[in-house]
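J.: Knowing the structure of chain A, use the given hints to seat chain B on it.
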Amino acid sequence: MVDTVVVPLLKIAVLLNAVLVAVTFLVLMERKVIAWAQSRLGPMRVGPYGILQALADPIKLILKEDITPVKADKFLFTLAPIMSLVPALVVFSVVPFGPDSLYYISDINVGLLFIISVTSIGVYGIILGGWASNSKYPLLASLRASAQLISYEIAVTMTLVSVILTAGTLSLIGIVEAQQESGLWFGFIQPVAFVLVFIGGMAETNRLPFDMPEAETELTGGFHTEYSGMRFSLFFLAEYANIIVISAVVVIIFFGGWLRPFPNVAALSFLDIIPAWTWFIGKIFFFLYIFIWIRATLPRYRYDQLMALGWKVLIPIAIGNLVLTGVAKVVL
Amino acid sequence: MTTLDAPRASTAQFDTNELVLNMGPQHPSTHGVLRVVLKLDGERVIDADCVIGYIHRGVEKLCENRDWTHIVLLTDRMDYVAAATNNLGYVEAVEKLMQVEVPRRARYIRTILAELQRIASHCLWLGTHAMDIGAMTVLLYAFREREFILDLFEEYCGARLTYNSMRVGGLPLDIPPGWDKKVLSFCDLMEGKLDEYETLLTNNRIWVQRTRNVGVISGEEAIGLGLCGPPLRGSGVSRDLRKDEPNAAYEEFDFNVPLGTQGDTYDRYLIRMDEFRESIRIIRQAVEGLPEGPVMGKVPRLLKPPAGETYHAIESPKGELGYFLVSDGRSTNPYRFRVRPPSFCNLQGLKRLVAGHLVADVVALIGTIDIVLGEVDR
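Those sequence lines, one after another, are chains A and B.
With the working numbering, the residue at position 223 of the first sequence is 372, and numbering never jumps.
With the working numbering, the residue at position 152 of the second sequence is 161, and numbering never jumps.
Read the hints as simulated data drawn from the structure, not as lab findings.
Everything numeric in this text was worked out from a predicted model, so none of it was measured.
Note that the Cβ used here is the ideal one computed from N, Cα and C, for glycine as well.
Treat the hints with care, since some could be wrong.
For lysine to aspartate or glutamate, the following EDC-like pairs were computed, each having C-alpha atoms within a straight-line distance of at most 16 Å [claimed, not checked]: (1) Lys285/A / Asp337/B; (2) Lys285/A / Glu365/A; (3) Lys285/A / Glu27/B.
Pairwise CB distance ranges, derived in the manner of DEER restraints [unchecked claim]: (4) Asp50/B / Ile216/A: 22 to 32 Å; (5) Ile211/A / Gln35/B: 20 to 30 Å; (6) Lys252/B / Ile468/A: 52 to 62 Å; (7) Trp442/A / Gly62/B: 54 to 64 Å; (8) Glu163/B / Gly378/A: 54 to 64 Å; (9) Trp188/B / Asn166/A: 16 to 26 Å; (10) Asp197/B / Leu228/A: 36 to 46 Å.
The following residues of chain B were derived to be distant from chain A, with all beta-carbon distances above 10 Å [said to hold, decoys possible]: (11) Gly51; (12) Leu83; (13) Asp141; (14) Leu209; (15) Trp216; (16) Val266; (17) Val368.
For reference, chain A alone in the conformation it holds in the complex (with noise of 0.2 Å):
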């Protein structure tokens, strides 16, 4: 009984607290920064350096007027925020932290597919915001979302095909001991695959360059510009949960995971004392000041040319990439 039903619960209240905690404070990460790549100071004025921030923004965003449009479609309108946050919250059931079963939820042998699968759940809830909002920039925004869900899933999927060839396994943890036996991380072997993976999680994410759906100069807004208040506020943190999930299994798929750096030199066992959570998210931290960073300095693709990028580029690399794994593996 305890095992079975307390000690998950417990673990689910933790992970899920500690990542909205940490979404809010990545939302101010990410202006401070951007603050900083643009000779700007960021907040500064709630806290000390602007650190609470991060609090205040919640509390604001939760005090504001919910507001629905007269003509929106109120059901859906009240689902679609809804039916994007999940999926990303949900993916974090397979996210393992460290190598003891105290450090993930669950291990399931589909772990990869699984996240495959819930984070294109995600999506739908831009098409259904945007749609039931009955407004036109927002269902212009949608249809965007559509078109680029297409254009980029494929590459991505074809691509984490060739890490599972490689691996041997669909499951997360089973991938990081992969990692841990050729004594290199995937990225180092799957270049080409660790940079498709990681524009695909960028036009996942809706992030700069990709962010047409949201594309604030363009369609002021895109999907949400009919959300205010709470509504809006779980658009947000599905947008800056789902960074942190593509950052995640960036970490874990092509960057070993919670294994320090060269798992198997003993030279540099002493390593070893910094706990293996440590190393995990501190390299998510990583990708996601890379996330930031990109943000910070490119302009954004149109999203003809996005769709051109999946279909023209991103898919035939993907597919050259799954081809010659495929020899490798077999002639070596």
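T.: For chain B alone, kept in the frame of chain A given last:
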């Protein structure tokens, strides 16, 4: 036959009307209160109509009831991001009407002010144009440098946006001591910063993809639409009033007129980046060759130009800024005051430029035209 016709008939049942989308007057990328009524097929623009007049203040009519001297103040309020250039065009038009000789030092300082203003205006254009396309950092960088220019203007005339910095017959003030050194050091600073902007944009693949072959317009068409300034020169038409009909002290300086070749948004971006550098060149020459002497010519305290009319145009950062003035020779205010604003004329081209492009390109094209609604509506 009926079986073949059947599917065609059923597709006709779908509502395939175009979507009418109001972009503006409250929209982050219409640079003020421009309203563009877009007719869309999916995301493709079939037609676009500009609706203007949301900040029409009747400046032209207002000017007909003001002193010739007071009008300088109102010209500030038209293109408020290039107020000094608007001052310059107006005072020169009155000087032309009155046949007033302006001291050489005043003409030099006017040139410096106008070129500083051009850099400030282009900074604003660069920042907002890049922001519209999604590169948000450039906005902050460009505004950071614009701030230095505003500081220079503040030191010269005390104001940061609406300067009222010129008088008919010369200038109200000589430059403060040490100001010319500060202008020169700003020029050095700005040159480095321009390279910084270009590293973010010029060779950026996404930037090039977003601007190359977007809004292509040929030279003949651009002339036909009455475009002026960078949108005209981007199509390869060499028309720069600083060269063709030199005003202030431009004929004494050596500078090039950058021209585009393909007439697309990327070309217009490139020539504006070159114009930054040409402006810096002009400022350097003007500061180094600044002659001594008075800054105010001999003009009566109460201006009363002789009866007659004149049209005087200068090259503002956005294009040909013309003033048409009629004086009846008896009163102390103009009989007729009319402005040919470059933003207004260039905005005519938007309808032609956006046809067939996507919604995302519309904001890029509004940005590339570089409009200021205060000048469009007046």
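J.: Need the status of pair lysine 285/A, glutamate 365/A: alpha-carbon distance at most 16 Å?
T.: holds (14 Å)
J.: Check the non-interface label on leucine 83/B: least C-beta distance to chain A beyond 10 Å or not.
T.: holds (32 Å)
J.: I want to verify a distance hint. Is the separation of the beta carbons of tryptophan 188/B and asparagine 166/A within 16 to 26 Å?
T.: Distance hint for tryptophan 188/B, asparagine 166/A is violated at roughly 59 Å.
J.: Regarding glutamate 163/B and glycine 378/A, is the given constraint of 54 to 64 Å on their beta-carbon distance met?
T.: violated (42 Å)
J.: Is the Cβ of valine 368/B farther than 10 Å from every Cβ of chain A?
T.: Valine 368/B is in fact no farther than 10 Å from some Cβ atom of chain A, at 6 Å.
J.: Do the Cβ positions of lysine 252/B and isoleucine 468/A conform to the proposed distance bound of 52 to 62 Å?
T.: holds (56 Å)
J.: Lysine 285/A and glutamate 27/B were given as a pair; does the straight-line alpha-carbon distance stay at or below 16 Å?
T.: holds (12 Å)
J.: Could you see if the CB distance from aspartate 197/B to leucine 228/A stays within 36 to 46 Å?
T.: violated (59 Å)
J.: Are all beta-carbon distances from leucine 209/B to chain A longer than 10 Å?
T.: violated (7 Å)
J.: Quick check: does the Cβ-Cβ distance between isoleucine 211/A and glutamine 35/B fall within 20 to 30 Å?
T.: holds (26 Å)
J.: Mind verifying the non-interface call on glycine 51/B? Its CB should be farther than 10 Å from each CB in chain A.
T.: violated (7 Å)
J.: Over 10 Å to the closest beta carbon of chain A is the bar; see if valine 266/B clears it.
T.: holds (28 Å)
Hint check: violations occur at hints 1, 7, 8, 9, 10, 11, 13, 14, 15 and 17; the rest are consistent with the structure.
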